[in-house]
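A.B. asks: Chains as they are written, first to last, in our numbering: chain R, 1 to 135; chain A, 1001 to 1135; chain B, 2001 to 2135.
There may be inaccurate statements among the hints.
Claimed, not checked - Label-pair distances were calculated between CB atoms; the ranges are:
hint, chain 1, residue 1, chain 2, residue 2, range
1, A, Asn1104, B, Ala2135, 42 to 52 Å
2, R, Glu16, B, Glu2080, 36 to 46 Å
3, B, Glu2080, R, Asp27, 15 to 25 Å
4, B, Asn2104, A, Glu1080, 21 to 31 Å
5, A, Asp1072, R, Leu74, 15 to 25 Å
6, A, Asn1124, R, Gln106, 14 to 24 Å
7, B, Ala2019, A, Gly1081, 24 to 34 Å
8, B, Thr2076, A, Gln1126, 22 to 32 Å
9, R, Gly105, B, Gln2031, 33 to 43 Å
10, A, Arg1062, B, Ala2023, 35 to 45 Å
11, R, Glu70, B, Asn2104, 46 to 56 Å
12, A, Ser1006, B, Glu2016, 23 to 33 Å
Unchecked claim - Covered stretches of chain R, going by a simulated chain A footprint (3 or more residues, C-beta under 8 Å):
hint, segment
13, 15-29
14, 70-78
15, 85-96
16, 120-134
As the list claims (entries may be wrong) - For lysine to aspartate or glutamate, the following EDC-like pairs were computed, each having C-alpha atoms within a straight-line distance of at most 16 Å:
hint, chain 1, residue 1, chain 2, residue 2
17, B, Lys2003, B, Asp2027
18, B, Lys2003, R, Glu32
19, B, Lys2003, B, Glu2020
20, A, Lys1003, B, Glu2032
21, R, Lys3, A, Glu1032
Simulated from the structure, these hints should not be mistaken for lab results. From the three backbone atoms N, C-alpha and C, an ideal C-beta is built for every residue, glycine too.
Listed below are the residues making up each chain.
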Amino acid sequence: MIKQLSISARRQGLHEITAEVAAVVSDSGLQEGLCSVFIKHTSASVIIQENADPSAARDLERWLNRLVAENDQLYTHTNEGSDDMPSHIKTTLTATSVAVPVINGQLALGTWQGIFLWEHRRANMQRTVIVHTGA
Amino acid sequence: MIKQLSISARRQGLHEITAEVAAVVSDSGLQEGLCSVFIKHTSASVIIQENADPSAARDLERWLNRLVAENDQLYTHTNEGSDDMPSHIKTTLTATSVAVPVINGQLALGTWQGIFLWEHRRANMQRTVIVHTGA
Amino acid sequence: MIKQLSISARRQGLHEITAEVAAVVSDSGLQEGLCSVFIKHTSASVIIQENADPSAARDLERWLNRLVAENDQLYTHTNEGSDDMPSHIKTTLTATSVAVPVINGQLALGTWQGIFLWEHRRANMQRTVIVHTGA
């Protein structure tokens, strides 16, 4: 089963989407299998990270923003804004999809794991995420 | 269904393989499901990135080449050439496989997304990519 | 089919788990399909890397330890130890799951590819890995 989700990413950074993905798994009726979450964009990621303490997500964002700086003299792909080329690099260093096992009809995430859409652009973006569930 | 592809990577950098993967999906007859693309190597990656403007791919290559330099004094694994250890690191920072949903018999890629083999070695390499399609 | 594995990661670094994953594939009886390996933690990764020469794994660990340093002034998430926030970042830069095709009842890994649990914490950790096999 496949379902497309439209997610509003109102600011640069991590946006938790665990509940939205869990709802698709629940609707699918799948008891045991695999759930894949794919993002149809090259300047935003999907990742799995700690969802308990917001300081972990915030440090992660700040660390990657420092590693992949805007206005780097190296960039030639600059016509779409100073946050565009860094966004492509950040997407490549993280992930475009994640796969989570489903056990007893639920996402088998660890205690501290959440699924996040990581928006790398600074504008208010509407993003499409595709959730696939299969045995 | 599984199909193995042999890809000639004639130079270091991104080589688009979207058409080759799409042909496997088409041959499989799969209407809805998931397509996984796996590379059988530890010094080349498969990633999804922008395929519209070549400057994005070029900046991505140059940025990663700067982050993961050759001839770093840290390396002890040097007997296979100065581009070998950086290639293992680059592979680890990117991806060995990608998974793309299939909808209406086609790869559900975003408008700007392409699938790329990223060759990290400088020599002319022949690479094996395995494409799996399943419901 | 899904099987949970409990892995003792006695030290920070790469721990090969190819044999454990291959045993699950063998037990499943699957002849052709995909094997997904997922780790239920946010401070350890699963990756595929060279398993022939230990110097490659060691350089990989040392390189990433240098890139993602402990005691970085940027961190605010510091209450779980100096190796905790670096562990979350390292997990995000590598992978929480890998997917390997199965052909003729076996993992279709390349000659030099092994599956590794990468422990980023310095303490002796017990980690849970979930292996899913499907057609």
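A.B. asks: With reference to the structure, classify each hint as holding or not holding.
C.D. replies: The hints, checked one at a time:
In this structure the hint that asparagine 1104(A) and alanine 2135(B) lie 42 to 52 Å apart at CB is violated, the actual value being about 21 Å. Between glutamate 16(R) and glutamate 2080(B), the C-beta spacing of about 20 Å breaks the proposed range 36 to 46 Å. For the pair glutamate 2080(B) and aspartate 27(R), the supplied restraint of 15 to 25 Å is violated, since their beta-carbon distance comes to about 36 Å. The hinted range of 21 to 31 Å is satisfied by asparagine 2104(B) and glutamate 1080(A), whose Cβ atoms lie roughly 29 Å apart.
Distance hint for aspartate 1072(A) and leucine 74(R): a CB-CB separation of about 18 Å, consistent with the stated range 15 to 25 Å. The hinted window of 14 to 24 Å between asparagine 1124(A) and glutamine 106(R) is violated, with their beta carbons roughly 48 Å apart. One distance hint, 24 to 34 Å for the beta-carbon pair alanine 2019(B) and glycine 1081(A), holds here, with the actual separation near 30 Å. Judged by the Cβ atoms, the range 22 to 32 Å given for threonine 2076(B) and glutamine 1126(A) is violated: they are separated by roughly 48 Å.
At about 27 Å, the CB distance of glycine 105(R) to glutamine 2031(B) disagrees with the hint of 33 to 43 Å. Between arginine 1062(A) and alanine 2023(B) the CB atoms are about 43 Å apart, so this pair conforms to the stated range of 35 to 45 Å. For the pair glutamate 70(R) and asparagine 2104(B), the supplied restraint of 46 to 56 Å holds, since their beta-carbon distance comes to about 49 Å. Take serine 1006(A) and glutamate 2016(B): their Cβ atoms lie about 28 Å apart, and the range 23 to 33 Å holds.
Remark: the segment 15-29 of chain R is not confirmed as covered by chain A, as 0 of its residues place a Cβ nearer than 8 Å to a Cβ of that chain, below the required three. Counting residues of the segment 70-78 of chain R whose C-beta lies closer than 8 Å to any C-beta of chain A gives 5; at least three are required, and the coverage claim holds. Here's how the segment 85-96 of chain R fares: 8 of its residues keep a CB closer than 8 Å to some CB of chain A, so the rule of at least three is met and the hint holds. Using a Cβ-Cβ cut-off of 8 Å, 4 residues of the segment 120-134 of chain R lie near chain A, which meets the minimum of three, so the contact claim holds.
Distance restraint check for lysine 2003(B) and aspartate 2027(B): the Cα-Cα separation of roughly 10 Å lies within the 16 Å cut-off, and the hinted pair is therefore satisfied. For a cut-off of 16 Å, the pair hint linking lysine 2003(B) to glutamate 32(R) stands: about 11 Å separates their Cα positions. For the hint linking lysine 2003(B) to glutamate 2020(B), the alpha-carbon distance of about 11 Å falls within 16 Å, and the restraint holds. A C-alpha spacing of about 11 Å is found between lysine 1003(A) and glutamate 2032(B), which places the hinted pair at or below 16 Å, so the restraint holds.
Only pairs whose Cα atoms come within 16 Å are accepted, and lysine 3(R) paired with glutamate 1032(A) is accepted, the gap being roughly 11 Å.
Of the numbered hints given earlier, the model fails hints 1, 2, 3, 6, 8, 9 and 13; all others are met.
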